[in-house]
Amino acid sequence: MANISRVLADRKVQFAIATLLIAVCLLFLRDGNPTTLDVNYGIEFIGGVRIPVTLEQKVDAATMGTIVDTIKQRINKYGLSQSVVKPLGDREVIVEIPRAKPEVIASIESILKEQGHFEAIIDGKVGLRGEDVLTQAVGGAQGEQVIAGDKGAQWELDFAVTREGGERFSQAALGKGEYPVYMFLDRPANAIVLISRAKNLPSAVGVESALEDSLRKEGDALLLFYEEDFAQDKAAIKNASRTIAVISDKLKERDPTAYKELNASFVLRERTDEELTPKVQSVGGELILIQWRGIGLLSGPTLSQGLANGYVSQFYSVTGSASGATPDEQKQNAIREIKELKSVISGGRLPVATSIGSAYTVAAALGDQFLVYSAIGFVLAAISVSILIVIRYRQPKLVIPIIITNLSEVVILTSVVGTIGTIDLAAMAGIITLIGQGVNDQIVITDEVLRRRATGEVQQQNKERETKDRIGRAFQIVVNVALVSIITMVPLLLSGIVEITGFALAAIIGVIIGVVITRPAFGVFIEEMFGRSGPSNPQQPQ
Amino acid sequence: MHLPNPYAKGNPMRYAVIPAILIVLALGLIFLKGVPTGIDFRGGLLLKIQTTGDVSLDAVRAELAPLAQDVNVRSFEGPGGKGIEIELTAGPALEEAQNKLREARELEKDLITAEGHLSSLEGSTEPDAPQKLAEAQKALAEKQQILIDKVKETLAKAGSNAQVPSDGHAALKLAEDEVDKSRSGYRDKILAAVGKVTPVKDYTFKEIGSSLSKFFFSETQKIVLYAFILAAIFVFILFRSRAPSFAVMFGAASDIVITLGAMSLLGIPLTLASVAALLMLIGLSLDTDVMLTMRILKRTEGTARERAYEAMKTGILMNCSAIAAFGMLALVAAWSGISTYWEIGSVVVLGCFADFVATWMVNAPLVLDATEKKERRGA
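Protein chains in written order, with this note's numbering: chain W, 3 to 544; chain L, 3 to 381.
Hint data in this document are derived by calculation from the structure and do not stem from the laboratory. Note that the structure is predicted; figures quoted are calculated from it, not measured. Even for Gly, the Cβ is constructed at its ideal location relative to N, Cα and C. It cannot be assumed that every hint is accurate.
In silico BS3-like pairs for lysine-lysine, Cα to Cα no more than 27 Å straight-line [to be verified]: (1) L:K175 - W:K60; (2) L:K224 - W:K88; (3) L:K183 - W:K103; (4) W:K88 - L:K111; (5) W:K341 - L:K175; (6) L:K203 - L:K183; (7) L:K84 - W:K74; (8) L:K224 - W:K341; (9) L:K175 - W:K115; (10) W:K60 - L:K84; (11) W:K470 - L:K315; (12) L:K183 - W:K88; (13) W:K103 - L:K191; (14) W:K399 - L:K111; (15) L:K315 - W:K115; (16) W:K74 - L:K183; (17) W:K103 - L:K84; (18) W:K344 - L:K216; (19) W:K60 - L:K216.
If you only want the chain W side, here are some residues facing chain L, beta carbon under 8 Å, derived [said to hold, decoys possible]: (20) I6; (21) A11; (22) V15; (23) Q16; (24) E94; (25) I96; (26) E342; (27) L368; (28) G423; (29) V481; (30) L485; (31) M491.
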C-alpha cells in the first residue's frame, strides 16, 4: 500500500481524522480521566426514574414555563438536583431523575401536591388561612381583569373562601377599614428577624414603626433586631426563646461573630439582602409595607371600609395598579402582579391540577446490562455487514476502509450525541443502526467505482478523471438520500417525545457526519484503491 | 450467484402483481386483524424482572389476574440471567375515578357560584329578599348534595371507603387525596403480587397513563404525516417530474403498508420505537428508490433496462446490509429482552423485505416505463 501516504495527504481524509481525534478526546478526556467514557447516559443505562406529569388542562407557553420552574425549584429543594424537568406538548411535563430509586415517585407526587402556607393578617389578627381559600375560585376567566388608565393599569383579582373563612375574616376586619391586609406565604413561625440598617432599611420617615406593624400576629409576633445593634441586643435575642432566625446570607461576611452566635442557638434561614429589604408605600400619609419577601410578606393591600362592617362575605377582590413606561408595559406588569398574588393566595400551588399516571423506572444493575447488550449488538452488526461486503465484492481488503469508516462514524456520533444530548436506548439504537445505513452509502460509492471498471474501455489517461466523476455522481445519490433521511426524522426530533427523540437525533447527526466527514474520506480511499493504480486485471463484481 | 436481468424482456409491469397482492393482503390484515399496540399507545404497565431461578408464569398470571383487565407474561433468557416480562392493562376503575374527580371539580365551581349568589343576597333589604334568600339556600343545598354524591361515586371507583364530610369543599379534598392514594397504591400492589411468586429486586417498570398514551398516539400520527409530506415535497423538488416522484412516494407508502401487515401477522406491537422504525423505513425505502431513479433517469450509458439491472444489483446489496445490521439488533433484543431494540430491529428487517418487493417490482418498472416512453418520444 504505497499509496497510503497519498490518501493521508488528502484534505478530506485529514478533516475526517481531525474530527475523529476531537471526538475521541471528547469521549474520554472531558472529565480529565482517560479511563472513563464521558457521555451523558440516559436513565436506561444508569438507572433512574422518569415521570411524565399530566396537567389537567392545556396551558399556554407562559404558564407552562411557570409550572416547569416551580417543579424544578421544589425538586431541587429536595436535593434531587441532577433531575431534568422539561415540558412536553402543552399538557405534559417530564421529570427525569437519574440514579434514583422507585421510591422517589412518591416524593415527586408529594412535591407536586405541596403547597405553602397562606395567611392574611389584619392588625395582628389572622383573617384568612390557606385552608379557607377555595383554590378553584382564585381568579379565573371572570375573576381577573386589567383596565388601562391614565395613572397606570388598574387590576383586580377576585377570590372566594369557605364559609368558615368568611366568618373569621369578618371578625378580624371589624372596624379596621383602611388597615393593611398583610398577605403572607410561609411566614416563619417562632422567629426573630435580623436585618441591617445600612443595607436593608429604606430611608423614609416612620419606616421602623411600619416594619414593627407588619411583624405582629397574635401569639406569634416576629421580633426584629438590627445587625448594627447586635452586641447590645445579644441578651434580648437569647431571652426571646425563639427557634428560627431569619438573617442575611451576607451576615457571615459582615459579622462573623454574630453569625456564629446565632448559628449556635437558632435554626438559620438565610435570605438575600434584596429579600430582606422591605418595600414601602405611603397610603393616606401613612407609611405601610407592601412587600417584605424575607419573611414571606408578599402583598399588603388596604382593607376597604365595606369589608370592615362585620358582614360575612365569602367573596373578595383585591385591586391594585401597575406602573410602567408604556401602556403595554403597564399591562404586562399588571398581569404579572395578578399572577403573583394569585400564587400567594392559592398557597403557591401549581396553576393547574396535576396527576402522575405514568412512570418509568430502571434499576441501575439492569442499566449496566443494557449497556453490555448494546455493545454486543454493535459488534455483531459490524461483523455481519463486513462479512456481507466480503462475500459480495470478493475483495477482503475492501473491509478495511469500510470498517474504519464505520468505526469512525460511530465514535464521532457517540461523542456528539453524548455531549449535546443523552445516550438513551433510543439513541443507542440509532447509533447501532448507523452501521446498516452507513454501509449503504459506501456500497453506492464502491459500486459506482467498480462498475466503470467492468465496462472498462476507457483510455488510461482518462481513468483518473473518470473515477472522480463517478464518485461525484455517487455522491449526488448519497447526498440526496441523506437529505431525505434527515427530513423524515425532523418531525420526530421536534416532537419532544423523550422516549424516542434520541433515535431521531442520532439518525440525523449520523447522516450528517457520514455525508460531510467520513464518506468523502471513504471516497478518497476507494479512489486510491481502484481508480488510480489498482490491479491491472480487476476482479469484476458479480 | 449470477442474477439474470429480470427487466431484459417483456413488460416489466407484470412484476407488479406480487406487490399488489401483498398490499391487498397487508391491508386486509391491518383492517381485519389489526396491528397490536404496545402500552405506549394503549396505556398500561410493563414490568421486567431479573429472576434467579425458574418462575411459574401461570402463578404470576394468577396473582395478577384480580388486579388487571389483561395480563401478559413471558420469560426471556439472556447472558445476564433469566427474567420475566409482564405487560398488563389496568382495570378501568382508576381511570373512571379520575374522570369522576374531574367532574367533581367542575361541580365545585357550581357550588361556589351558588354560595356567591347567596352571600350577595344576605345584606339585601329589598322586599322580596327573604323569599329570594330561601330559594338561594335551597339551590345551594342542592348543589352541595350533587357534589357530595359525585364524590361518593369517585371514592367507590377508587376503592376507598372513607367517610365523606358533609361540606362539599372538604369532600372534594378528600376525593383528591383518595384517588392519589389509590393510584400510587396500584404500583405497590402489582409489585407485591409478583413478589409472592418470585423475589423482585432489580426491575424496570414502565407505566403509561391513559392521557399520556392518547397524547403519544395523536402526536405520532401527526409525526408520520408530516414526515411523509416533507419527504414528498423533497422528492418532487429533486426529480421535478411527476411520474418518478409518484413512483418513489408510492414505494415508500407500500413499504410501510406491507410492513404494518407483517407486524399484524407476527404480532409485533406498534410502539414509539416501532413508529420511529417505520419513519426510518421512509428514509431506507427512498434510499434505494432515489438510487434507482437517478441511475435510470440521469445516466445515459447502456439501455434503461440495463441501468435498472445494475441499480438492482446495488440495491439488493444495500437491503441486505440493512437487514444484516438491523437483524443483529433484533437478534440481540430477542436474546436480552430489550424491547426497544426488538421493535426497531424487527420492523426495519421486515421493511427491507417489503422495500425489495416495492422497489424492484413496482418502482423500477414504473420508472422504466416512463423513461422508455420519453426516449421513444425523444428519438
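Once the shortest beta carbon distance from W:L368 to chain L is found, is it less than 8 Å?
Holds, about 5 Å.
Pair hint outcome, L:K315 versus W:K115 [Cα-Cα no greater than 27 Å]
The hint is violated at about 63 Å.
May I ask you to test the interface hint for W:I96 with respect to chain L, counting a Cβ-Cβ separation under 8 Å as satisfied?
Check failed: Cβ of W:I96 comes no nearer than 10 Å to chain L, outside 8 Å.
Within 27 Å, alpha carbon to alpha carbon, are L:K183 and W:K103?
Status holds; Cα separation ~19 Å.
W:V15 was flagged as interface toward chain L. Is the shortest Cβ-Cβ separation under 8 Å?
23 Å, violated
27 Å Cα cutoff - pair L:K175, W:K60:
Given that 27 Å is the threshold and the Cα spacing comes to 22 Å, the pair holds.
Just to be careful, I want the Cα atoms of L:K224 and W:K341 compared with a cutoff of 27 Å; is the pair within it?
Cα-Cα ~34 Å, so violated.
Going straight from one Cα to the other, do L:K203 and L:K183 come out at no more than 27 Å?
The given pair, whose Cα atoms are some 24 Å apart, holds under the 27 Å limit.
Within 27 Å, alpha carbon to alpha carbon, are W:K60 and L:K216?
14 Å, holds
Taken at face value, is the distance from the CA of W:K115 to the CA of L:K175 at most 27 Å?
12 Å, holds
Tell me if the straight-line CA distance from W:K74 to L:K183 falls inside 27 Å.
23 Å, holds
With a cut-off of 27 Å on the C-alpha distance, tell me whether W:K341 and L:K175 pass.
Given pair W:K341, L:K175 holds - Cα atoms ~24 Å apart, limit 27 Å.
Checked against the numbered hints given earlier, this structure breaks hints 4, 7, 8, 10, 14, 15, 18, 20, 21, 22, 23, 25, 26, 28 and 29; the rest are met.
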